[in-house]
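Both chains are given apart, each in its own frame, so use the hints to dock them into the complex.
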Amino acid sequence: MIEVKGLHFSYDRKEVLNNVDLKIHDGEFIAVMGENGAGKTTLVKHFNGLLKPDKGEVLVDGKSTKDSTVASISRNVGLVFQNPDHQLFSETVFQEVSFSMRNFGYSEETITKRVNFILETLDLSSYADTSPFMLSGGERKRVALASVLVSDPKHIILDEPTIGQDYHQKDKLRNFIVQMNSQGRTVIIVTHDIEFVVDCKPRVVLLSKGSVLADGCYDSIFSNKDLIDKASLMSPQISLLMASLGDLNFDPKIMDLYQAKTVLEGKLKNCL
Amino acid sequence: MPVIEAKNLTFTYAGSNKPAIKNIDFSIDRGEFIVITGPSGCGKTTLVRCFNSLIPSFYRGEISGKIDVLNLNASKSNTSTLAKNVGFVFQNPENQLFSLSVERDVAFGPENLGLKRDETRQRVDWAMNIAGIEDLRETAPYELSGGQQQRAAIACVLAMKPEIIVLDEPTSFLDPLSSYQILEAIADLRDEVGITIILIEHRLDLVSKYADRIMIMDDGQIAMEGPPSSVYSEEAKLLGVGIPKVSMLFNLLKKDGYNLGETPVTIEEASQKIRKCF
Ligand SMILES: Nc1ncnc2c1ncn2[C@@H]1O[C@H](COP(=O)(O)OP(=O)(O)OP(=O)(O)O)[C@@H](O)[C@H]1O
Ligand SMILES: Nc1ncnc2c1ncn2[C@@H]1O[C@H](COP(=O)(O)OP(=O)(O)O)[C@@H](O)[C@H]1O
Ligand SMILES: [Mg+2]
Ligand SMILES: [Mg+2]
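Chains as they are written, first to last, in this note's numbering: chain A, 1 to 272; chain B, 1 to 278.
So here's chain B without its partners, still in its complex pose (with noise of 0.2 Å):
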């Protein structure tokens, strides 16, 4: 059953002249891993504020067409409906936080939708567990070093234990480890408790993994939609798409003459394709 349709989704900053998001179609299912990615300014930012009403009503312009979540219409809901269900860490995660200690922002949350304290004070240690940021309950978040910041917008989103996460370039402050460690914990709730995860990332490298589908948009439109392997090809990397490096050697063996079958994901498809060779 689809979490998220979009029908024919157009919107239109104030004041710009042509829309930033064009005749989008698509419907996402509870439980997916789904990966957006697309040139910079192609308009994956503006697709998810949709999602939770953020457009139109912060972001004002011109909408039309349809955008369900969760059954309700996005467009007409109020943002604080959707926020209970629907959970973003922005990319810019510094605009996320405003209490006075990294404990109070995970809190406040857990706290809005009514928990006990217990259940409340047990969701912010687990979320602060995963974010990995336990040392610094009392810091403030303009104490916090740029990743810090971006693992207490993560807490925060996960405190909510919402049915729908989206992640708008979440891995750009973190470092290495701590990206995957946060990855490979979404993707284990995703498991587990059959989350719906929407994902913003340009590197596809660290994410092919968890997705179940690729959409690749450019200049306002989804140009290509499919499982990673289907997607990795040359056509993806014109479009500046930063396809896997390993995916990527590939593709250019198979422009040489050597072809080594389908494109691979990850670094142990590409091993195993390269070991039968010899």
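In isolation and in its complexed conformation, chain A is listed as follows (with noise of 0.2 Å):
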């Protein structure tokens, strides 16, 4: 479990977070949207204990962060950079993302089959021996995820993971992290693709100028107007046709393709 309790930070001069008050269950799937400079990467940068409070407390699994090192807590929590420029050094695709594996002491063999497991699921095993430099942005997000991914970590925290994704990646993306996700790992995304979140379905954590300004299942977060306003948010596509067919019935809770394909053959089967 993460408790953020009481949590207020400051850079140099202002602050940033401003009494945060959040718990995540083992094995909760949660996106943290909100505007630019709501304080979303700076919240995150607390789980693995990068940055401390100043005032209150972030606990990973019971444990204070302000009594554990960033290394002793990455075994656990595994954080992907929004710019993956801030993650990247090393000189092949495939040394990048057995280093973390490398430190906590796994054998060369289990390295390697995971490594490559990895590499396949996320289509980079063409690039194993390619300098990380050498890459397109989208391939150069998808090693730093990689090079989380790959030691399977309990909590996993992934800041704006779509970034560079076509849609066929992020897809790939979803349904490998749907599914460490559904064998208990706690899934962290900050985004600000809510088109992507709707595919989720996570429990979103809404922030706003360094605040909870709201917490809840995605379809009630985002088919709220005042809240998507407030977060500068805009409503998903589908919610947004169901609402402006509002006067026949259609419901802009509905925000799932699937769903609203359902919903139509329905009522076209009765009038055509």
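Hints in this document: simulated from the structure, not taken from any laboratory.
Any given hint could turn out to be false.
Okay, derived cross-link-like pairs now, SDA-like style, lysine to any residue, Cα gap no bigger than 20 Å in a straight line [as the list claims (entries may be wrong)]:
{"no.": "1", "chain 1": "B", "residue 1": "Lys255", "chain 2": "A", "residue 2": "Val263"}
{"no.": "2", "chain 1": "B", "residue 1": "Lys18", "chain 2": "A", "residue 2": "Asp123"}
{"no.": "3", "chain 1": "A", "residue 1": "Lys261", "chain 2": "B", "residue 2": "Glu262"}
{"no.": "4", "chain 1": "A", "residue 1": "Lys14", "chain 2": "A", "residue 2": "Ser208"}
{"no.": "5", "chain 1": "B", "residue 1": "Lys273", "chain 2": "A", "residue 2": "Leu240"}
{"no.": "6", "chain 1": "A", "residue 1": "Lys201", "chain 2": "A", "residue 2": "Asp256"}
{"no.": "7", "chain 1": "A", "residue 1": "Lys269", "chain 2": "B", "residue 2": "Arg275"}
{"no.": "8", "chain 1": "A", "residue 1": "Lys269", "chain 2": "B", "residue 2": "Leu253"}
{"no.": "9", "chain 1": "A", "residue 1": "Lys269", "chain 2": "B", "residue 2": "Leu252"}
Written as structure tokens, this is what we have:
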């Protein structure tokens, strides 16, 4: 469990997190959303101890991050940075992705097996011997994802995982993290990609100006126009389509593509 | 009149054994709003790097064919000549900011053009306003969130008032409302001043309404090209293209035997087409 209690945090000058309380249970799937500068990245950097609270505390599996090093927390908490360039440093993709497991002391055999598996999963196999700096932006992001997902951490935190990803890659990534989630891993994504969130169907935490604005199931949050506006979001496409047909009894709470298809076909059958 | 013209353009990065783009042919007219999309790694960024001679001046490799930008041979011109007229917002905005404050960064371009102080100040204010970063004037780039860096990079380019603006996945760090506001502002500029916009984007739901033409790239080549409604097909989806969910919805319905006409591109179009059935 990750527990945030009365968290305050300032960089040099301004207060960025203002009294954040949050409880994330093992095996939950959470999307953190909110305007640019809301404090999302700052918040999740507290989860692996990269940043330490000025006031309040963050407990990971019952232990305060103040009493632990980033290195020790990282065994259980994997964090993928928003900007992959802050994370990548090795000469080849294979070295990059095997780095953390090597640090954790796994055997070469296990490392090779896991690395090859994760490279395959994220369509990176053909780049194993390539320098991460010769890759496209989206490919670099996937290398950053792979280098954390490879060690199968108990809590997985992904800051903007869909950056640079096309539709297939997003789908694959989603299937993979949903699968890890169903095996009991906690998944926390920070993202502006509302359509991706709709497809993941998580609990959504809206952060605004350093405080939690709302916390709940994605569909109740995304169908609340007031919250959407306050958090600088835009409603999902299907939801907007349904809302525009409200007088014909379409429900704006529907935001899933396939659900919309079923509902529409039901209605069309009756009138054609 | 075309502002960018490519003929048989092929480029292979030094040290790579296959071309990142091959046999690219197209022409872009003044005032067009072009969206380039396609799978991750298909060559989108590589293609636009040829527009301001970053390829082959900075990124070395083997280039062949022709690329003309504003009637200059772009692969033989120097990047700074082109920079006056072709503004770039790179995929990673951080690499574009190097001053100690956002304001200094935004003023850098206009000052380099030799503009008067008043004019510079006016442009800086205007650009920072469009990008929604007036309150970050004094902030250093490393103190910015990802999205704030992206906005600063956009302001830098706007302040130059170039003839062509190239934006490489500009919305990836932006919150949805600012994506919308900034894209609207850029589309207005196109309508008012006739600048040419080339935008690389995966999220076609955000940009479809502005696009005159969508170019779908795959494996270094242009795979499909045309107005949004004509390219939002099942075939495009197979390439991994993130066609808008309303367009997908109609494609799904069609598959099940409910043909509601041409694939809509926007929510409004989709809504009207559904309404007609009831
Ligand atoms: N290293 C830093 N030094 C000083 N201020 C910072 C630093 N990093 C971020 N900030 C400020 O803290 C605030 C929150 O930043 P943070 O990166 O957490 O936002 P975010 O919600 O992740 O935004 P985005 O959606 O743009 O990524 C912003 O106002 C930003 O300017
Ligand atoms: N600097 C570079 N050196 C060598 N290869 C590169 C470089 N940048 C990109 N590539 C390769 O060229 C191909 C196209 O990349 P890019 O144009 O960045 O793709 P996109 O922008 O469509 O995601 C990819 O296979 C990528 O790995
Ligand atoms: Mg962030
Ligand atoms: Mg790119």
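Results for each hint:
no.: 1; hint: B/Lys255 x A/Val263; verdict: holds, 16 Å
no.: 2; hint: B/Lys18 x A/Asp123; verdict: holds, 18 Å
no.: 3; hint: A/Lys261 x B/Glu262; verdict: holds, 17 Å
no.: 4; hint: A/Lys14 x A/Ser208; verdict: holds, 15 Å
no.: 5; hint: B/Lys273 x A/Leu240; verdict: holds, 15 Å
no.: 6; hint: A/Lys201 x A/Asp256; verdict: holds, 9 Å
no.: 7; hint: A/Lys269 x B/Arg275; verdict: holds, 14 Å
no.: 8; hint: A/Lys269 x B/Leu253; verdict: holds, 12 Å
no.: 9; hint: A/Lys269 x B/Leu252; verdict: holds, 15 Å
Going down the numbered hints, you'll see the structure goes against none, and every one checks out.
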